[in-house]
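Engineer: Residue numbers (this note's numbering), protein chains in the order written: chain A, 4 to 380; chain B, 424 to 1121.
Hints listed in this document are in silico derivations from the structure and should not be mistaken for laboratory results.
A couple of the hints might just be wrong.
[Stated by the list, open to error] Selected chain A positions facing chain B (in silico; Cβ < 7 angstroms):
{"#": "1", "residue": "Ile243"}
{"#": "2", "residue": "Phe265"}
{"#": "3", "residue": "Ala305"}
Keep in mind that this is a model prediction, so the values were computed, not measured.
Beta carbons are placed, not taken as given, at the ideal position from N, Cα and C, and that holds for glycine.
Chain by chain, the residues run as shown.
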Amino acid sequence: MRKEFWRNFDFWLYGDVVILCVFGIVMIQSALAGNLEVSVNSQILYVGIGLVLIMVLTLIDYHYLESLANLMYFGIIILLFALRIFGEATFGSARWLDLGFVSIQPSEFAKTILIIRLAKYFSDNWNNKHDMRWIMKSFLLTFGIVLFVLLQPNLSTSIVLMVLWFSMLWVSKVEMKYLMILGIVGMVFLIILTVWIFVSPDTVPFIQGYQLGRLQTFFSDSTDETARYGDKYNVDQAVISLGSGKLFGQGYGNGTQVQLRFLKVRHTDFIFSALGQEFGFVGTIVVILLLLFVVLRCLRAARLAPDMFGALICYGVATLFFFQMVVNIGVNLQVLPVTGLTLPFVSYGGSSTLALTVAIGLVESVAARQEKKEEIV
Amino acid sequence: MINGFNKEKLDFKNRRFLLFYVAMFLLILYYIYRLVMIQIVQGDYYLALADENRISVVREQSTRGIIYDRNGVVLARNVPTYDIVIIPAELPADDGDVQEIYRVLSAKLDIPVNNGEINNETVRLYSECGTDFGITQIVYIANSLTPYGETGIVCDVPEQKAMEIQELSVNMPGVGVRVNSIREYPTGYNTSEVVGFLGPIPGGIADEMEARGFILNKDKYGYAGVESSLQNLLSGKNGRRVVEVDVAGLEMRDLEPPLNPVPGYNIKLTIDVRLQEVARAALLDTMAFYNRVNIEGMLTEDGAAIAMNPQTGEVLALVSEPTFENNRMTRYIPAYYYQQLSIDQSKPLLNHVTQVAQPPGSVFKIVTGIGAINEKVVDPDFLVHCPGRMFVQNSYSPNDPGSQQEYVCHLRTGHGGVDYIHALAWSCNLYFNKVGGGYQNEVPNGLGIDLLAQYSHALGYGEVSGIELTGEEMGMVPTRTWKRVNRGESWATGDTYLASMGQGYISSSPLQVLGSFVTVANSGVHVKPTVIREVLDERGNVVLPFTPTMLWDITKDPKIMIFDEDGLETGEYKTVDPYVIDLTRQGLRMVPQPGGTAEEAFAGDTHQSSAKTGTAEYCDDIANEKGLCQFGNWPSHAWTAAYAPYDNPEIAVVVFMYNGKEGAYTAGYPTRRIVDNYFLLKEYDMERQGETTSPLAP
């Protein structure tokens, strides 16, 4: 049993994650460039814990999570609620919960928990009638968490959570007309929001001035060219960093934009640009392929999952990875406004790394319990 | 294992799943396309931008050369000004300490700790040294722009304040005193026209100057005098370092070997500031006197004087009155002051010695005289009859009967029979009219305009002298062709008559008049006038010693073109016979003596002076406006040229007085005063330094 069990463990996925994490550490080391507020050691620690966590979670049958799903769901809501009251605000929003020995970002874990909770809902109610009531229930389930994340405020994570919900809905055989209705409602909502923002930006709830600013900088090209601060400067520097790497990059630890700190938040949001300058086009393509491989292995696990709950977990994790990766790289490529979403496993961040390894742990747990049809038959 | 789970599978063959994969694939493809565009196609462009970020060219200002007079008196120097600066990155970490520093600075320098609101608009309008912001706001902006750079909090503080802050700054990390250099002219107005002034680098040559390493908004550029003409010698070369900087502006390393600034050369001028003062005083006193006694109101406040050593061409004094006050333009050029200078009718921004040409009048007669005697138009002893007035047929061509025109001598009763020497001594108009243009049977063939022009150029008229002052005026020596082209008329006999006595179309700058007298004084040697005595490096070593430049010797170098019988150019040249110059020198020697035109101005002269006076009628825009140009009674400029002593001239002077009426008086008296004072100074220097050293040398 033991031997057979590990035979189904997805070593490809695990290996890929290890490579990404190690590469991330290496890149963070270079990207620090004299930034004393961040230590690469803590990232090494989190990656170590995370990689062990994947193994541990693989051993635990993911079916136990189903019974824990509600507990975790309400647990994270309470945590997020506590954040409203005790959280320390940085950069205009309260995201960090100081537990004394370590600060964590509950919203990162909210993504993983929502995947589990939604997977439970959709697999439990798979055969119920897929009417509007059914859809709204799943929406309210999602919104329970989104509301508190919005209150932080944390628009980008809220969007991630909504995307997770919609992706589940997408594959749940909901009739097209309902999706159309949802689409129209969503459009109307967006239009109202846009008009609201244009008419009186100060009264819009859940959206902070800096978020509007990010949108404005993205949609306008007129800015002060000489400014050495602000989002416009940051994304411009990101593209300059990427481009100046050319085909093979300027070499590890030699990227001028990185080492002379023209590139800002280079260990988190813009780590893709940092590696782009030091490792060039070759480096960026390799990282994209490595990340894409994670997504594809998760989808493979979903396909081979023994049941709907497991399949939806794997599918949700794949969506999460893909979405975060696309958004983060999109910001670096100047095709999306600045969001603050991390590049999975590569960006610096304890909570993000832990939450994502937990997600991978779940996928491994599902993969380890896959049905080997060829062996059965 | 655990039952009750939905064993149904996700349908991966579903169309929506397919859509999911396709969307994923397309997105990744688009990103790869973007990466190819950014990293491969536009890679070089972005690399250039990245280099622009990190590579910074630092220029260190060099120091401008100092200007001295011939005796080492400082005419232009650099003096420090002080700015109080803060380097934000070096301020203490503790906010309380920073606030304490702000409070101390605020109390000492009378600047608020907090003032003004930081927003996009006010930050854009912010400029160092030109802001109402409090210290906190300035440091806030500086910290985001150049945290490692010095930012001025208060600029141009008195030296005393700067020293106080300097002492206090020992206990105030991040606070310092920046020393800038501005130009100061200790002799000020007195030497303004020679020294000049500085201003911003003009827009037209900004690119070129920047390429040569000048800092556009910081370095200055010479606008007049030697500050302008010797700009390249004085300015030196700025240092240049190509450094790699980080985002905060901290220099990381040199990317190229650094070039240190090269200071400008120091210049010792030929000007003797004492004689310069004498010349200006002589002009101003004479103006004041005649302005007061003139019954028709103010006569003039516009004049020029120049004194030169004829043997070497060294300009000892060069006064253009009125001029500008260069010390008022050292920090910046006040707009109202510049405006005032620009619209002044007397044109204080022009150097009246070199940049303004006027009719020379009778001082030009030496040209006609030398020409006529050298060409043997008349014998020097031949007595030309001067009846005081005469009528001449003014013909435009040999066959043109023309019209009668009256020519008068300044002595209406006439000089009677006049030979060459006395014609010069008495400045007899009709003598020069006749020998210049010819008169009936008495002087059958005059010198003629073509030859007159030859002798004019040989004596320096219509030529650039080459003095080291920019914008030299060439004056005008008319020719037949010139008149035909510009006036649409043929040359007439009358034009030659007028030209013969320096009237009509002829014009020249005082420097050119001086040039012609220097040539005569030197018995034919025409020297290049110069204002540069020595060029010194920053340690005081002479890098360019003084060497007088002889341009030509009219008695040796053939400068006069020979015309054939038909008046056509032969292309051959001849010289001036030395005896002609000698006769002219004799004539000029008689001018200051009893009976000569400068008799009164040079009464009691003990320096064997020679001179020539001139009263040149003119009618320009200013005179026309005042209604002064009445026929037969035009206003006139006053001229006097002189040199001394007769045997071995060592000083030559020209004084010009705009609208000065009588040359012998309004120009004659200042000339005399300058000559006398030159010898006084020479005596004084000899007494002081012993007679072994040469006159006027330090």
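Engineer: Does each hint hold? Answer for all of them.
Structural biologist: Consistency of the hints with the structure:
At about 5 angstroms, the closest approach between the beta carbon of isoleucine 243 (chain A) and any beta carbon in chain B falls short of 7 angstroms, and the interface hint on this residue holds. Given the 7 angstroms rule on beta carbons, the hint for phenylalanine 265 (chain A) holds: about 5 angstroms separates it from the nearest Cβ of chain B. A distance limit of 7 angstroms between C-beta atoms decides the matter here; for alanine 305 (chain A) the minimum to chain B is near 6 angstroms, and the interface restraint holds.
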